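The lines below spell out each chain.
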Amino acid sequence: MTSNVVSFLAAAIVAGTPLLFATIGEIITEKVGNLNLGVEGMMLMGAVAGFYVGLKTGNPLLALLAAMACGAVGALIFAVLTVSLRANQVVTGLTLTIFGTGFAGFMGQSLVGEIAPETIKTFFQPVTLPLLGQIPLLGEIFFQQDLFVYFGYLTAVLMGIYLYKTRFGLNLRAIGENPAAADAASVNITLYKYVHILLGGALCGLGGAYLSLVYVPAWAENITAGRGWIAVALVIFAAWNPFKAIVGSYLFGGLDIIGFRIQGTGFAVSQYFLDMLPYLVTMLVLIVVSMKKSQEKAPPKALSVPYFREER
Amino acid sequence: MIRIAKRAKMSKAKSAGIRLLAILLALLTSAVLIVLALSLHPLDVYIALFKGAFGSAYRIREVVESATALTIVSLGITIAFKMQFWNIGGEGQICMGAFFASFLALNFPEMSKPLLLTLMILAGMLGGGLWALIPAYFKAKWRTNETIITLMMNYVALKWLTYLQFGPWKDPNALGFPKIANFADNAILPEVFGVHIGWIFALILVVLVSIFLNHSKKGYEIAVLGESENTALYAGVNIKRTIITAVFISGALCGLTGMIQASAVNNTLSVEISKGIGFTAIITTWLGFLKPAFILVVSILFAALVQGGSFIQTAVGIPQAVAELLQGLILFFVLGCEFFIRYKVVLEKPLFNVRRGTKE
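For the protein sequence lines, the chains are G and S, in the order given.
First residue of the first sequence: 1, per our numbering; consecutive thereafter.
First residue of the second sequence: 1001, per our numbering; consecutive thereafter.
Hints in this document: simulated from the structure, not taken from any laboratory.
Each statement offered as a hint is correct.
Below, simulated DSSO-like cross-link-like pairs (lysine-lysine); rule was C-alpha separation at most 27 Å, straight line: (1) S:K1218 x S:K1240; (2) G:K301 x S:K1240; (3) S:K1291 x S:K1275; (4) S:K1082 x S:K1014; (5) S:K1344 x S:K1291; (6) G:K301 x S:K1082; (7) S:K1082 x S:K1217; (8) G:K301 x S:K1141; (9) G:K292 x S:K1141; (10) S:K1082 x S:K1009; (11) G:K292 x S:K1240; (12) S:K1113 x S:K1179; (13) S:K1141 x S:K1082; (14) G:K292 x G:K244; (15) S:K1012 x S:K1082; (16) S:K1006 x G:K301; (17) S:K1012 x S:K1291; (18) S:K1240 x S:K1082.
Keep in mind the model is a prediction, meaning the values are calculated, not measured.
Isolated chain G, as found in the complex (with noise of 0.2 Å):
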């Protein structure tokens, strides 16, 4: 039972890194102000490009690299259009999604059915850490993982003390609150936007790359299936924080593979009830932090706001 238990904790981490990388990334964009409908667009163009570049080279950096440069490019599009040319953000989020699921399935198309190289496989392999992995159940669940898990532990923490503790951190949550006064304080606002919407847009891409390279790890159509979707609901559960990401991540990793496990157990409820579960508990996650409306759990003020100087 506990075996089962602990088994199943592990893989709901393993379901939940894509999710993690994804809502950092968006955090990142909504505290600078932008609210970035696209990510399960740039999700899934870093997917599809880091499968790419890994099934031709083999090479699991080169593959992560792809992955980063390709969702920064979809995130670029969206900065070119809301930040300088002011466009609707909903909209152009909207779009970018669109537009990247066409992407995945125009470079995707002649990918459909492979599966990635060996050599990523082993790169990705569980990797138990010295001395934490062998804590009694803690370190079976968190550091017997790959080495993209310990990296998503570490994108999140460094992000939540780059947000909290430095001043550009301090910068680019001013921006999000109250571009005017940043403005007045001498930060480059336009700069800001574009360095966080493309750093966002690089850790979706990285989300996108951990599902077709680690989690399948083969190329599906539509691989993400919601999932970026589910980290924009995620942002809001999290309150815009990094450190409650973590939770929220693994906690619908969990949910995403509940279903499985369930059948397995030979409990009689139809799969396809299951499979709505994380789309149904997103949904009342989001209905329940917006019942009980907190100061701190707030959005940034000036969120989906653009910022002129000239019509202040």
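Put chain S on the given structure of chain G with help from the hints.
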């Protein structure tokens, strides 16, 4: 020194020109992509795209059918978008409309045709409307983010149809093949000039929605609420009721499309009923500037693009996703060009040639 200044109102011809230029640039960009990624002649691809859409009577009929669906869904989305309610749950609302209508079609095939079809239309609208009502209720009550809720509900609706198709509604006569039984003739919409009657519905709805949005009290309230909630509150608009009504109508139109697709196009219910119409309609809605007449035109063009896209796969051997890519690019360029319609970039010499000190 570069400065950005707001423009005075631009003439219609000039702004139309800029938008046209944006679309041309999108086509040019995708042409470059086609050459680089596929080493094909882009003109060949565009010609194949055009042939695929209008090359034969059959294909033109297909274009009209998908333009019908796109137009009605876009009209529904327009009503929600006008209010800044981001309904991206068109897919789910189509599914649920189709589900409600199919329930009648499968259970009461002996009913007289006009009665059955009327009831199916009403049921379809009810199904889509109720499905949209869920996010609308939470938005009105607690301002719950509707974008994600409507989207999540797409997946739930799709899983629900999958359950029906593979479970209780599976046709026992299909030799184990997971499909739902075909509708009886009574449940299939008649044709007018070789295409199902839905295209007439679409034309009527363009007029009705246009009147509703521009000349009715509710339509005006929706527009005011979309511009500013405070203004609406000040003007005495009942905000909750306006959200609920508008989103119900929005979902009902998507649901109607679901009924039409199930009855006239597929002749049955299946998980492939919505085929991404709910998403493409978001693009057509925005490109049509939330104006019903424009939406009709844009929907026809996009229907041609989608139809042509499925043709180039076989004709030129390139992925159908090119059409999707092209749709995204066109919208990107049009979104971007709005900037040049609203603002102008002024290059000016500084008044005084003061040497600037170092920052701070």
